[in-house]
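Listed in order, the protein sequences are those of chains A and B. Residue numbers for the first sequence follow the numbering used here, so the first one is 1 and each next one is one higher. Residue numbers for the second sequence follow the numbering used here, so the first one is 1 and each next one is one higher.
The hints are simulated quantities; they were obtained by calculation from the structure and are not laboratory data. There could be a bad hint or two in this list.
[To be verified] Chain A regions said to be covered by chain B (calculated; three or more residues, Cβ under 8 Å):
#1 23-31
#2 213-227
#3 243-251
From a predicted model like this one, the values you see are computed outputs, not experimental measurements. Where is the CB? At the ideal position from N, CA and C, for every residue including glycine.
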Amino acid sequence: MIRSPRFWSWVAFGGGLLYFFIPLIGMFEFSLRARRGEYSFQAYTNVLSDPQFHQTFVYSAIMALFTIVFGVLIVTPTAFWVRLKLPRLRPIVEFITLLPLVIPPIVIVFGYIRLYNTSSWLPLTGSAFGTDILLMFGYATLALPYMYRAIDTGLRSIDVGTLTEAAQSLGAGWFTIITRLILPNVLVAVLSGAFLTFAIVIGEYVFAALLNRPAFGPYMVWMGGNKAYEPAALAVLAFAITWACMALIQLATRFSKHTRAQR
Amino acid sequence: MTDATITDAATRPPATNPVQRLSLTWFGVVPFLIFAFLFLILPTLNIVIGAFRTPDGSVTLANIRGLFVPEIINPFWLSMKISLLTAFLGCLIGLAMAAAVTKGGLPSWIRDAMLTFSGVASNFAGVPLAFAFIATLGRLGLVTVVLKEVFGINLAGLGFNLISFLGLTLTYLYFQIPLMILIITPALDGLKREWREAAEMLGATGSQYWRMVAMPVLWPSLLGTFALLFANAFGAVATAMALTGSSLSIIPIILFAQIRGDVLQDPHLGYAVAFGMIVITGIANLVYIVLRARAERWLK
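Start from the sequences, fold in the hints, and give me the full structure.
Written as structure tokens, this is what we have:
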């Protein structure tokens, strides 16, 4: 029996649709079952009124913000400088930024625990604040491949050399060039990297669990082991957050196309 | 370092002092290199070196040899099997879906919607993903209940258990397929319409075109993405952890337990396990990088 290619396209697409939507429906339906015999938002009420939820979520959100700021501060000047002055260094820098995809995160955090424990030369894990710093560096490492690629792509679309020379001839220093010229021009790229980083950090589990910090990921795992319907509600919330981050990236990209077209 | 001195060094004619100029040019990437060294390279090196050391500091291969016992090599093997299977199925299904929306004559809004959804689903990994599957295929999950009450099919009676090889494979595919779609769609777009027309003009059927023109062009991207998906599944901890607790022994879960509480009762064996994981994902990514470079030639 021979059918048209379009028929098989619909089959492939329809199969994918079922596989991807049934778990989403399942998760939503399950999250509504908290009261016996009727659908309700009880599980959501329970989660949202749990002080632990607030603490861990706020903790992770703040960590995400610091990670984004740190990531932008370390990646933007580097990507800019490599494009402008050190093109020969580009393969090395790109290789380093891809390493977090090669080395499993659990191995990296294992190294942190070995290197920065209380009896080491830099005892970051000795205090809660030090561990937070270490965790932020870890998150920045995890986000590095995405952040670097986003910002580097942004830099590719502007003429870095000419812009820099123009700014220099007007008397701008390097600080002014980076903050007032480069960053505004790659703002959309920075925003894409930032939202992706936010999505990664909010749900991250391994780093936070092994460094013993009260983040949202370990809280979700704890819920999974102790409650029946609340985890599904958490999953719905996490899915909504991921979706919002991706939507914001698309929005930022669309916005940039609009402004470019007007020029 | 002040702004003025760098500007000065950068704008000064190169003949004056090339050595100083070079060192100041390098300074721009120093913060990044320090960060990468301290929080990426040094921790990894530390583990790698630890894998070849005895507790008193002398060099040894005993830790590596210690990996080849059933309680460690079996989890490694299980992880490899899951990663290979989900990478293979992810590539196959992802390719079919990407081909359906790019080349299969479906309306273009479906393509945009699918790419957006793939971006979300490939990031919807970890703990929440495990919860979604428990809520769907777990003992009280939606599909389990509907199958039992409406169709009279008892999944557990048929031997299905979400906390198993099959269950983990089904769950991992949820982020593997979208990742494949995201990577392979640009490659499919790179297949030029002229190639197809030329093939048809010479009398090729649809399947001949795919087999003899499209596949050889796509092959490096496919193999490369396969390697990336493999590494992606091999390093995943949170999904498996939230789905199975620690009842399914895949190697990242063994390492997690080792870091938490030294379950292998030999810290250096733990480093050897971590080293083994780096070697395997390293090989997978090396394959990816080489094949990717080859694939990009066709996309220009």
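The hints, checked one at a time:
Check on the stretch 23-31 of chain A: 8 of its residues sit with their Cβ under 8 Å from a Cβ of chain B, so the three-residue criterion for coverage holds. Counting residues of the stretch 213-227 of chain A whose CB lies closer than 8 Å to any CB of chain B gives 5, so the stated coverage by that chain holds, three being the minimum. With 5 residues having a Cβ less than 8 Å from any Cβ of chain B, the stretch 243-251 of chain A passes the three-residue criterion, so the hint holds.
Hint check: no violations occur; every hint is consistent with the structure.
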